[in-house]
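J.: Using the sequences and the hints, build the whole thing.
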Amino acid sequence: MTLFLPELALLLTAVVFFFASLGKIKGARLQGLGILFSGMAVLISLYSYGMQGSLFFNAYRVDVFSQIFKVIIAFGLFIVIYLGNGLYGIDDVLQPEYFLFLTLSAFGLMVMSSAVELITIILCLEIHSFALFIIIPFRKKGAYRHQMEAGIKYALFGAAASGISLYGISYIFGMTHTTYLADLVKIIPGVILKQPLMLVGLVMLLSGFFYKLALFPMHFWAPDVYEGAANETSGFVATLPKVGAVALLIRLISLAGVDAVQFTWVLMAFAVLSMTFGNLAALVQNDIKRLLAYSSIAHAGYVMVGLLCATEFGYLSGVYYIVGYLLMNLACFFVIYNLAPQGENITFADLSGLYKRSPLLALTLAVGAFGLAGIPPTIGFTGKLFLFTAAIKKGMYGLIILAVINTGIAIFYYLKMVRAAYTSVESQVSPLNLKLSTSILGIFFIAVILLLGTFPQGFMSVAKEAIAAAIL
Amino acid sequence: MEQYLIYNSLNYPILTVLVAVPLFGSLITLFIRGDKYLKIWGLVVTLTTAVLSLPLYSDFDLTTAKYQFAEFRNWIPFAKINYVLGVDGISVLLVLLTTLVMPLCILCSWTYIKERFKEFICVLLIMEAAMVGVFVSLNTVLFFIFWEAMLVPMYLIIAVWGGPRKDYASIKFFLYTLIGSIFLFVAIIAMYVTTGTFFIPELMAHQFSFSYQMWIFWAFTLAFAIKVPMWPVHTWLPAAHVEAPTAGSVILASILLKMGGYGFLRFCLPIAPAATMYCMPYLIAISIMSIIFGGYLALGQNDVKRLIAYSSVGHMGFVTLGIFLLNSVGIKGAILQMLNHGVTTGALFICVGIIYERTHSREISDNSALGMIMPIYVTFLVIFSLSSLAFPGTNSFVGEFLVLMASFSKYKLVGGLAVIGAILAAAYMLRLVQKMVWADSDGHMHHGEKSHLPDLNFRETGTLAFLAIFVFWIGLNPGPFLKIMDTSTLHLLQQLEDGRKVMPAGHGEYHALLNGVGESIRHLIAFK
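Going line by line, the protein sequences match chains E and F.
Each residue of the first sequence is one higher than the one before, starting from 1 at the first, in the working numbering.
Each residue of the second sequence is one higher than the one before, starting from 1 at the first, in the working numbering.
Nothing false has been slipped in among the hints.
Some but not every residue of chain E turned toward chain F, in silico, with C-beta under 10 Å:
hint	residue
1	PRO359
2	LYS384
3	PHE388
4	ILE401
5	ILE405
6	THR454
Listed next, the stretches of chain E that the computed footprint assigns to chain F, with coverage defined by at least 3 CB atoms under 8 Å from CB atoms of chain F:
hint	segment
7	389-399
8	455-469
These are calculated hints, taken from the structure and not from any lab test.
By construction, the Cβ of each residue, glycine as well, lies at the ideal position given by its N, Cα and C atoms.
T.: See below:
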């Protein structure tokens with residue numbers, strides 16, 4: 001029972017929102033409830049850090065690895081709820097339901113990080129996805145009608161990705177007669193070098209998570225969904241599912257063992273294509289959310305560089321990078337959200353003169369964007385340093401050269417964002433007055449991105465323990 | 001560790017202080033209100049840093065090539081990234097240049113900057129911390145962090161306070177520098193993976209294979225060549241200089257460009273000695289191109305700032321030429337030339353800023369015949385212009401003379417070509433001085449024409465006079481400055497000599513290319 005505490009805390013939060021949806025609680029009070037309960041979930045998951053054990057016939061493993069991801073997910077949910085101050089993009093009547101499904105979706109991710117059996121994994125993935133399918137079309141009917149398109153695309157692609165995953169599982173099960181990761185890890189390394197079918201099965205299984213991570217070739221949904229969904233929803237979709245996906249990918253990739261050359265090659269190809277496609281497409285975007293979608297595709301490629309090394313340091317840097325990505329992306333979405341009090345989409349034109357309207361938002365955007373570009377002393381830089389070190393240690397110079405060229409390309413559009421925010425405009429602009437709570441969040445983002453980038457030691461030593469626990 | 005470092009024995013950790021004082025000063029600016037107090041605060045912080053940096057000169061041990069005033073702390077132990085600082089004869093003067101130029105940057109922005117003063121002072125101070133950091137880091141990751149940390153403040157200085165085409169200029173500056181430094185980044189990681197250390201002296205001691213050296217050499221060279229900037233990657237410089245505010249131009253010219261030269265001396269030569277030897281002819285050829293192209297392009301400019309920007313390309317060409325001649329005289333000349341360029345070109349940019357504040361134009365034609373109206377101003381202008389064209393008795397003469405001497409002693413052809421650059425410098429600088437001071441003036445003041453222009457005030461005179469002292473000090477008594485570099489330069493050449501051993505068989509005639517060309521041309525000239 002105590003092993004399941006963080007999950008219960010989130011379920012409780014969901015139940016609270018469910019009852020809220022029956023009553024008439026709205027606005028600040030509703031958000032206050034959300035902050036209270038999700039904050040409690042963060043504390044509980046911190047409390048249960050370090051617990052170990054198995055549940056549900058060993059299909060559910062509680063270890064350092066899963067617990068650290070639970071902390072990250074609970075914390076991410078807390079930030080997303082805190083950020084959604086007023087829920088500009090969501091209809092008033094739907095607000096409690098919005099928070100309800102948001103929490104359920106995070107719950108799905110949380111259980112996913114503990115799942116160590118293939119069917120359980122798929123179930124958790126579906127809990128998470130179904131909740132998201134529902135909230136993506138939640139958006140005020142204004143000038144935008146893309147939310148329906150976004151919802152349908154996300155659901156269709158999601159269903160297809162789950163189907164492919166299940167199909168892959170059928171191969172794996174057919175060849176190994178087990179769905180437990182603990183058993184698979186003993187069988188697969190011996191089989192994968194001789195049986196191409198195993199490679200195919202494993203890659204198909206991973207596809208479901210590539211979809212969550214928006215990695216090539218499962219990335220097609222990202223730009224449309226980001227653009228169509230409300231700003232706060234995009235902030236969630238862009239960040240938390242990717243953390244969950246990385247957790248699962250670490251568990252699944254480590255199944256193949258270290259010598260699976262063809263498997264590494266497949267992942268390498270995906271990583272490079274993802275980076276290149278994402279970065280090139282991002283260059284020409286005008287809608288900031290769309291741009292961030294393509295940038296997230298590129299970042300999925302970078303994370304993959306760490307994961308495909310299949311070394312401890314590779315996984316470690318993958319975890320560090322995805323946490324950095326979570327913070328930096330949330331910082332960008334935080335700016336977008338606060339720039340659009342009507343919940344509209346933001347273009348480059350809306351960013352211009354931002355440093356006069358609100359210096360704090362402009363600085364947050366600059367730190368976030370420069371972090372995504374990988375400029376020191378941000379967390380993005382340190383993350384790339386670790387990722388590239390991991391890959392060079394494996395001797396993958398070609399991959400690194402491609403990744404570096406991509407980093408160069410990416411700088412252009414991140415800089416374009418910062419430039420837009422820092423160019424002066426001729427006409428008088430109205431100043432943006434931020435609430436105190438909003439300013440605190442902005443300062444928090446700046447501080448964390450810089451501090452975690454400068455002093456990664458603490459986080460890395462915690463993550464190291466976690467990775468050691470994850471590699472079965 | 002100890003064989004490379006001499007720990008700091010002053011009663012304060014001087015190098016950390018030099019980084020930390022501006023950094024904390026910049027944080028405190030956020031809480032100061034009122035432009036007047038901000039200016040004074042900026043001046044106080046930069047002056048404090050300058051005064052605190054003086055022991056670097058007075059307590060410097062001339063007899064050793066080890067890194068002095070060193071500090072060592074663990075930072076990210078699991079990746080062996082440590083906080084190691086230290087200076088040697090190559091970097092100490094550049095640190096001093098930085099700390100001494102920064103107060104002048106505040107002074108020359110006193111009335112030039114009209115808006116967002118708080119942010120300006122803040123960014124300027126962050127810039128100072130990062131620049132000092134680059135020169136004192138002995139850990140490649142730390143170096144890279146400072147190196148990149150300069151980028152954002154400099155970008156903001158150009159993008160927020162720049163001229164009409166600031167957008168174009170700032171983004172060009174950013175992209176060029178960043179693309180170069182990404183390759184630097186990969187080289188740093190690659191070296192770490194091979195050797196297991198980020199500590200620069202240990203990397204210097206490590207013998208890399210020749211092909212490995214070639215890769216990292218070109219990765220370094222790309223980054224530093226963009227920063228210097230060398231032809232053909234110099235095109236960001238004129239744009240950035242023209243659009244940047246005066247303080248930005250001064251920082252760019254006086255300090256940022258020096259980082260390229262410093263990088264060559266600190267990384268390329270000692271870490272990849274065999275590759276340096278092998279690639280030397282190409283680098284010398286590019287340096288010559290920079291000298292001649294820079295001078296030639298400066299000749300055609302009508303915008304004063306643009307002219308000085310192109311002259312920088314030429315002057316920095318002398319620096320890289322001196323470095324890649326790979327002998328003691330050349331390298332010392334190059335380091336001295338870096339200082340000279342920092343003093344002289346910085347001063348010239350301040351001069352341009354002063355006149356721009358009065359006439360709001362940088363065109364030569366709008367600022368002509370000032371001799372009668374602003375006598376103090378033109379006095380300084382002439383001093384610095386003469387220094388820029390390496391007139392005997394001024395600082396640049398010593399530096400350029402050393403470089404030319406080194407090149408004539410090694411390759412006559414190279415020396416001959418470099419002299420063209422010196423001649424071009426005289427041509428464009430004298431043209432500038434002639435137009436700005438005299439033009440068609442008959443020596444009498446006419447009513448109504450520019451008579452409203454006030455001459456220099458006390459602040460401006462002080463700023464320029466401070467730099468003028470260095471023009472003559474280095475010009476007439478370069479001994480102490482050269483002595484500081486002596487031991488470290490010899491050590492550097494020793495490292496090169498040791499590294500020569502890795503040269504693979506078949507590459508014995510490594511500078512056959514230039515030798516061959518030089519030899520044949522020499523035959524032609526001598527009619528043999």
